[in-house]
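J.: Letter by letter, the sequence shown follows residues 626 to 764 in this note's numbering.
What the hints contain is simulated information worked out from the structure, not anything from laboratory work.
If you're wondering where the values come from, they're calculated on a predicted model, not measured in any experiment.
A portion of the hints provided could be inaccurate.
Said to hold, decoys possible - Keeping only pairs whose Cα atoms sit at most 25 Å apart, straight-line, the calculated SDA-like set for lysine to any residue is:
| id | residue 1 | residue 2 |
| --- | --- | --- |
| 1 | K754 | Y712 |
| 2 | K754 | A710 |
| 3 | K758 | K728 |
| 4 | K686 | V705 |
| 5 | K686 | Y712 |
| 6 | K653 | L640 |
| 7 | K758 | L652 |
| 8 | K686 | A710 |
| 9 | K758 | K686 |
| 10 | K653 | I695 |
| 11 | K754 | G713 |
| 12 | K728 | K754 |
| 13 | K673 | A646 |
| 14 | K673 | E706 |
| 15 | K653 | Q663 |
| 16 | K673 | N759 |
| 17 | K686 | H725 |
| 18 | K754 | V643 |
| 19 | K673 | F660 |
| 20 | K758 | G672 |
| 21 | K758 | H725 |
| 22 | K754 | K686 |
| 23 | K653 | D749 |
| 24 | K673 | K728 |
| 25 | K758 | L640 |
| 26 | K653 | F760 |
| 27 | K754 | R689 |
| 28 | K754 | F677 |
| 29 | K686 | V643 |
| 30 | K754 | S739 |
| 31 | K673 | G761 |
| 32 | K653 | C721 |
| 33 | K758 | Q666 |
| 34 | K728 | L709 |
| 35 | K686 | G713 |
| 36 | K686 | R656 |
| 37 | K686 | L675 |
| 38 | K754 | F717 |
| 39 | K728 | P642 |
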Amino acid sequence: EISHLIMFDFVSPGLLPVWLAEGVAQLKEQRRRAFTPQVIQAAVRTGKLLPFSDFLSMDLKTERDTQRVILFYAQSHSLVEFLLAQYGEDRFQRFCQSLHEGKTVSAAFATAYSSVIPSFAALDQQWRKHVYKNFGGSL
């Protein structure tokens, strides 16, 4: 939970996407982190990864489907890990810094990643390719 406090202190809660806050928090939660590969692998094998538009806009306060919530946490963690592993901490920090400066999520993402990921749709494709490669299954 300390990660939430740090992220919300750094980026105003209205600008911080839930997937980013939860993905960063999962990096530090050993117990939950251990479940991410299992959850992602099961979703890949059954073709039940959350559609990216649902994932980006999910409201955990109103979502009633427990399985979707569990998958949301796992996808959040996996996506943040993917961004860090594939594109480094500098770009990730630039993304967070841009949010801190008040940019929208799209503008902040473009500031940090546009030279390597032109859009959220491209991010979705790259991330899915990564998880399907690592967890079996085909796109």
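J.: Hint by hint, note whether the structure agrees.
T.: Verification of the hints:
no. : hint         : in the structure
1   : K754 to Y712 : holds, 15 Å
2   : K754 to A710 : holds, 14 Å
3   : K758 to K728 : violated, 33 Å
4   : K686 to V705 : holds, 21 Å
5   : K686 to Y712 : violated, 31 Å
6   : K653 to L640 : holds, 22 Å
7   : K758 to L652 : holds, 21 Å
8   : K686 to A710 : violated, 30 Å
9   : K758 to K686 : violated, 32 Å
10  : K653 to I695 : holds, 17 Å
11  : K754 to G713 : holds, 18 Å
12  : K728 to K754 : violated, 28 Å
13  : K673 to A646 : holds, 23 Å
14  : K673 to E706 : holds, 20 Å
15  : K653 to Q663 : holds, 18 Å
16  : K673 to N759 : holds, 16 Å
17  : K686 to H725 : holds, 23 Å
18  : K754 to V643 : holds, 23 Å
19  : K673 to F660 : holds, 16 Å
20  : K758 to G672 : holds, 14 Å
21  : K758 to H725 : violated, 34 Å
22  : K754 to K686 : violated, 30 Å
23  : K653 to D749 : holds, 24 Å
24  : K673 to K728 : violated, 32 Å
25  : K758 to L640 : violated, 32 Å
26  : K653 to F760 : holds, 22 Å
27  : K754 to R689 : violated, 29 Å
28  : K754 to F677 : holds, 13 Å
29  : K686 to V643 : holds, 11 Å
30  : K754 to S739 : holds, 19 Å
31  : K673 to G761 : holds, 13 Å
32  : K653 to C721 : holds, 17 Å
33  : K758 to Q666 : holds, 10 Å
34  : K728 to L709 : holds, 20 Å
35  : K686 to G713 : violated, 31 Å
36  : K686 to R656 : holds, 22 Å
37  : K686 to L675 : holds, 17 Å
38  : K754 to F717 : holds, 20 Å
39  : K728 to P642 : holds, 12 Å
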